[in-house]
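Chains as they are written, first to last, in the numbering used here: chain V, 1 to 355; chain C, 1001 to 1379.
Be aware that one or more of the hints could be misleading.
[To be verified] Restricting the straight-line Cα-Cα distance to at most 20 Å, the calculated cross-link-like pairs of lysine to any residue (SDA-like) are:
#, chain 1, residue 1, chain 2, residue 2
1, V, K106, V, D154
2, V, K322, V, G257
3, C, K1177, V, E59
4, V, K172, C, N1163
5, V, K106, V, R77
6, V, K17, C, A1133
7, C, K1029, V, D154
8, V, K310, C, E1171
9, C, K1111, C, E1093
Simulated from the structure, these hints should not be mistaken for lab results.
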Amino acid sequence: MARIELAGLGHRYAGNKDYSLQPQSMVWEDSGAYALLGPSGCGKTTLLNIISGLLVPSEGRVLFDGKDVTTLPPEKRNIAQVFQFPVIYDTMTVFDNLAFPLRNRKMREPEVRSRVQEIAEMLDLSGSLSRRAKGLSAEEKQIISLGRGLVRKDVAAVLFDEPLTVIDPHVKWLLRRQIKRIHNQLKLSLIYVTHDQIEALTFADQVVVMYNGEVVQMGSPQDLFETPAHTFVGHFIGSPGMNLLPCKADGDRLWLGEQSLALPPALAKTLGGIAKPLTLGVRPELVQVAAEGEAFDTEVLRMEDLGTVKILTARLGGELIKAKLGEHDTVVTARTRLRFVPERTMFYADGHRVA
Amino acid sequence: MQLQLEGVTKQVGAETHIHKLDLVLQPGKINVLLGQTRAGKTTLMRLMAGLDRPTAGRVLVDGQDVTGVSVRRRNLAMVYQQFVNYPSFSVFENIASPLRLSGGLSEQEVKARVGAVAERLHITHLLDRLPGALSGGQQQRTAMARAMVKNAPLLLLDEPLVNLDYKLREELRAELKELFSTTATTVVYATTEPQEALLLGGHTVVLDEGRLLQFAPTLEVFHHPATRRVAQVFSDPPMNLLPATVRAGERALYLNEAVAIPLARHLAHLGAASYTVGVRPSHVRLARRKDSDIAIDCEVELSEISGSDTYLHVRFKTGKRKALDWVAQFSGVLNLAPDSHVTLYIDPSELFVFDEAGNLSGSPDRIVDLTAQPAAVTV
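Start from the sequences, fold in the hints, and give me the full structure.
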């Protein structure tokens, strides 16, 4: 396992004047579970390809345990990879498929056996080790691909590129849990690329959120949810995403459209010192229907019943606000007063968090 | 338009892909086809479209038998998982192609129709571009515009958002729901995702291994799944299912032969027998809310923390039978160490119960206000 360091790493594809990956430095600790999360075209695949060695960056360096591997090809980097679709040998048995990366490294047969059995146990494949891969479903094959990626202990890192795309939702629950347990037990360094936020958040200790070629935040799932550093993180993490509402701070009052609330003195001072336009950010989970107290009067537009939660959409001035309510909550009036949990309300200028 | 399948089956060689089924789609509404991969969703859509001919049974459109009438002579449109566009045609020409094919419209009318549908799908600014220059989301919007430009009375969408980013999917799904609510088109929408069915609303057909398991308003299927299998297919995170028995002369369910749960009002009719109890992950709680709540001792396997929610995987060890795996969903962050002990609470009035054959024996009372679907509160 290795500590991975990106030093001033950036990439421009030949002939492009814009960066696909903005120059940046960061460290990924040994034995960590990292997820790279972002929409298509955000640069996450470019970054993964640089780490795996498929792409040589136009600037900066990649270090594995302090050793410069920037120009080394993938096969010289001692990494394992799992792709979106199964890559296995159809004519081999499940056992031989799992053993392949080990035998390839000339591991002795008794060790191969114990290692394969260990990983097969963890992925519930013990019963099918002697079957040929050919007759298996795409899903079963993908589980074997996962096993092949996880079977070697001596790799610097295991890279996953959208590995659960072909898996049914209910099986994803089991597999995620298994991968996580394997990580807890084997302490492999894992890097997991996905556009699925639930997958990234539940899998990783640290999530690296990318947007327009830039890492806009690296943090725990809790950090990303509770204190998004950038409006993009607020929007992208969570379903529905964070409410982002233009606002104005005027002395000790906070204005949203025509309505205002009192601001605590410290916050009023911070916000008063910012010349740029302000945006208020609050998660739908932290918008509450308030019977009394300070709240904003809003027009109720619709309520969607999603079985175990309800989503209320309301209008405040020209902006829409979403609130996540409980499965038995109802709002039957045409207007309702909404309150934002004060200590969980964020402020942004130019996309970046200021308070 | 009313589409009806009557005793339809589909055999391919010795394999049965669709078992005999009857289905009358809700005309002018969204009909979700929910099922896991290989449940038969695509096969069923192809039968509806006339792309394939059923082995037995009839397909009726507004009461008229159209079995065996080719797709070319039917008035319908289809959208696939893979965005299919003509690469050498501009977005405008792609969208216009079905109108040109059927002919009879002046250039001015074609322009007006393409313009209108492009506006509804927010791609007006892309009309001059080639599909190759578009993002995945824009390509799928183009494919949808082409399917919708004909105003066909039947629109079939086969997992149309599956290849798109999570956030894009969220956005497009909300737009589609809005679009469908304003047309008289009968929409069939296939998906593997329970959340997607709930977000779209309408009616839901649950398919599993080529069998139609249930067809009813979406929330009714969710709250009153006809069988254990329906509950499994239509829940994410999956519903916790546990063996239980009602003993002769007793008015309680014994979970795993150990924990006694007095029968709540909706289960009062249960006789002595073996059952499966279903508990939704969001109905498993960390603290007692009512005196009647039942405490269950568990061992933590793993906390999955998404930021907004914690999915706690636990092992339920009480009783003689083997340990059972559960998932509990809590809002917020709860980091419990693996192998630590935790007491969880369930409310007897929130239990689902299925009989030995897997049929629903009791589900929590629920007032499903159907008028409250898609645009709920009338202002």
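Against the structure, the hints come out as follows:
1. V:K106 with V:D154: Satisfied, since the Cα-Cα distance of roughly 13 Å is no more than 20 Å.
2. V:K322 with V:G257: holds, 17 Å
3. C:K1177 with V:E59: Answer violated: K1177 (chain C) to E59 (chain V) is near 46 Å, above 20 Å.
4. V:K172 with C:N1163: holds, 17 Å
5. V:K106 with V:R77: holds, 17 Å
6. V:K17 with C:A1133: holds, 18 Å
7. C:K1029 with V:D154: Between K1029 (chain C) and D154 (chain V) the Cα gap is close to 56 Å, so the pair fails against 20 Å, i.e. violated.
8. V:K310 with C:E1171: Given pair K310 (chain V), E1171 (chain C) holds - Cα atoms ~17 Å apart, limit 20 Å.
9. C:K1111 with C:E1093: It holds: about 10 Å lies between the C-alpha atoms, which stays within 20 Å.
Violated hints, in rising order: 3 and 7; the structure is consistent with all others.
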